[in-house]
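Asker: In the order they appear, the protein sequences are chains L and G. So in full-length UniProt numbering the end of the first sequence lands on 367, straight run, no missing numbers. So in full-length UniProt numbering the end of the second sequence lands on 367, straight run, no missing numbers.
These aren't lab readings, by the way, just hints derived from the structure by calculation. Hints are supplied without guarantee of correctness; some may be wrong.
[Unchecked claim] Taking lysine-lysine and the DSBU-like style, the derived pairs with C-alpha atoms no more than 35 Å apart in a straight line are: (1) G:37 x G:199; (2) L:337 x L:16; (3) L:37 x L:184; (4) L:337 x L:184; (5) L:80 x G:199; (6) L:199 x G:37.
The model shown is predicted, which means the values in this text are computed figures rather than measured ones.
There are 2 protein chains.
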Amino acid sequence: MTTTTAQIISTLAEGKLTVEVAQTELPEPKGSQILVKMEAAPINPSDLAVLTGPADLAGAEYSPGRFVADMPEPFYSGQKARHGMRLPVGNEGAGEVVAAGDDEYAQSLIGQRVACVPGTAYSEYCIADAMLSLPLGELSSEQGASAFVNPMTALGFVETARAAGQNAIIHTAAASNLGQMLLKICQEDDIALVNIVRKSEQADMLRDMGATHVVNSADEDFFSQLCAAIEETDAYFGFDPIGGGQMTDTCFRAMEQVAARNMSEYSRYGSDQAKKMFIYGRLDLGPTILTPAYGFGWTLSGWLLTPFLQQAGMETVLRMRQRVLEGLTTTFASSYKRKVNLEEMLTREAVLEYSQMKTGEKYLVTP
Amino acid sequence: MTTTTAQIISTLAEGKLTVEVAQTELPEPKGSQILVKMEAAPINPSDLAVLTGPADLAGAEYSPGRFVADMPEPFYSGQKARHGMRLPVGNEGAGEVVAAGDDEYAQSLIGQRVACVPGTAYSEYCIADAMLSLPLGELSSEQGASAFVNPMTALGFVETARAAGQNAIIHTAAASNLGQMLLKICQEDDIALVNIVRKSEQADMLRDMGATHVVNSADEDFFSQLCAAIEETDAYFGFDPIGGGQMTDTCFRAMEQVAARNMSEYSRYGSDQAKKMFIYGRLDLGPTILTPAYGFGWTLSGWLLTPFLQQAGMETVLRMRQRVLEGLTTTFASSYKRKVNLEEMLTREAVLEYSQMKTGEKYLVTP
Chain L
1 MTTTTAQIIS TLAEGKLTVE VAQTELPEPK GSQILVKMEA APINPSDLAV
51 LTGPADLAGA EYSPGRFVAD MPEPFYSGQK ARHGMRLPVG NEGAGEVVAA
101 GDDEYAQSLI GQRVACVPGT AYSEYCIADA MLSLPLGELS SEQGASAFVN
151 PMTALGFVET ARAAGQNAII HTAAASNLGQ MLLKICQEDD IALVNIVRKS
201 EQADMLRDMG ATHVVNSADE DFFSQLCAAI EETDAYFGFD PIGGGQMTDT
251 CFRAMEQVAA RNMSEYSRYG SDQAKKMFIY GRLDLGPTIL TPAYGFGWTL
301 SGWLLTPFLQ QAGMETVLRM RQRVLEGLTT TFASSYKRKV NLEEMLTREA
351 VLEYSQMKTG EKYLVTP
Chain G
1 MTTTTAQIIS TLAEGKLTVE VAQTELPEPK GSQILVKMEA APINPSDLAV
51 LTGPADLAGA EYSPGRFVAD MPEPFYSGQK ARHGMRLPVG NEGAGEVVAA
101 GDDEYAQSLI GQRVACVPGT AYSEYCIADA MLSLPLGELS SEQGASAFVN
151 PMTALGFVET ARAAGQNAII HTAAASNLGQ MLLKICQEDD IALVNIVRKS
201 EQADMLRDMG ATHVVNSADE DFFSQLCAAI EETDAYFGFD PIGGGQMTDT
251 CFRAMEQVAA RNMSEYSRYG SDQAKKMFIY GRLDLGPTIL TPAYGFGWTL
301 SGWLLTPFLQ QAGMETVLRM RQRVLEGLTT TFASSYKRKV NLEEMLTREA
351 VLEYSQMKTG EKYLVTP
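Use the sequences and the hints to build the structure in full.
Answerer: Printed below as a string of structure tokens:
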């Protein structure tokens, strides 16, 4: 028995991005698959890559349940692999399990509310994997909607740092939802965290949450603040969701200056302090700029949740998930600025707002 | 008993770089130290960082045994740690051991010709570490002068690749002295090598040496040549001495395009093929530009010989050194365009030539 569902579909073709509510037939769930009636799904920055990307949203044509926007170069050609493909959107969400494949565990979820990672979350109904789903018990779908991407990413940073023998982390977008989770995790796990924010209100908010090292990139003495925080914490390991511009470069420069200060002898090749930064998002689609100002003892990597989880192994992933479930209303709680249904999420007003990815202005889709 | 020696000294102060032949007193060698009467020392790109850097060499004032050049910003301020310091120059060279500390091995070297890594190689006499020196036997100092930096770096690339489970390497300056050594090593060790060159003469030279995959960045279809070579070799691991500009970015883009072609399913996050590049030099002091065109499965690192050797451990280093010694007139042979003494190396004509770091135009200092 198939299920008909309304679903947000994003298509890139002939220089234009079309995003629309479309009707799709879902096959019957098989094996460990579950069919979930979706109740809530967040719009995360990682969803926007497919949902909007660098399209000209201000100049787009909006009609009920649909918008069509120009996709500028080099971004149109750069996404060649998806030209003409009809892509569903929405990494994660929560809802009620209404059917399941014949796998025993999947069957046991029928009638329960679960958080899930279908990749098609902006839909009335989704097919998801029972193994990646989290039964929510008494919690609401709104409380469980963001149980995967941000919590597992923030925990993943701490796991990554620990695996590298690090007890201190720099985070360059510390006021974000994810940044606040990371702060709470680091407080619980006694890891030093250097929080970089862009506004003094954000600095105040984090300090109110108990953050010790908060550095505002809008301040004139930002660089010396950052050096001081690195000196105090020994944070030579950082995570950056901005990607474009010079934020990772600035962190490397500050790390090197602090390390060089503590050297007994001058070296033409820079300090021998290993410095590592990870880019885990692309809030800025411009190029990443690295200046030759910190020798050769540095590493810059992309960081993505799925390969991290694959590498981490089942035991680590289960431990992380259990911790998320226990902290879903505290450490891992998310807040939303506005709720929209599938049609409302494609209006000009909504698109122009959530595509800004402003801190504290997250949208929740309630299909 | 101290030894008086003429020595090249580089000093950065008050916006100016002064390089001169100066007289220095060397202390008596102690422990495992040896005193070497230097006969030959190459000018490597790694020496130029201290010797000339981005100073205005064309506009400099030259007098016998000395030049004074403006050091432009931001490079002057960027090298704050060395302002006012009198730095000797010259990583490596070869000569005759004339005295030694009381260490037994050091004593046994007296009267022998050795390759050594004193860091002060542009001098009549140097203090070096016997443990890092290589007895040359019947070989001349000219044959042994470049026994350390290029051979150990080229071997280090192969060791690094092997440790990461790689059987193919991209090298972005393949026609250089080091590039030719790497080609021979890869031929001996059956590792696929993608050679990127800038001129068709260089491509011809490498093909004459038996190179299979040679790609010319000056060709219009460079990018598709590079993709084809990656497809044939599975080279997702590369080394780049240029640093500035977009060469590493280009390699990452080509790797990703090849990996994406071979994917069965479209992924918004790019391929899951791990891509790794190392920057081991700064022939271009401009910023490194990374575009957001290859997902998050990439790592860019600095690579430097000394920390690599420290990490590799004594056994690996001894094995590498033995191989260098055996191949010093074949695999690891260096050639020089011109020989200069200490005064001649500071003339306008010489400085302007060797500071270009042109392929095949290496200088040898014979104090």
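Asker: State the violated hints by number, sorted upward, taking the hints as numbered earlier in the document.
Answerer: Violated: hints 1, 6.
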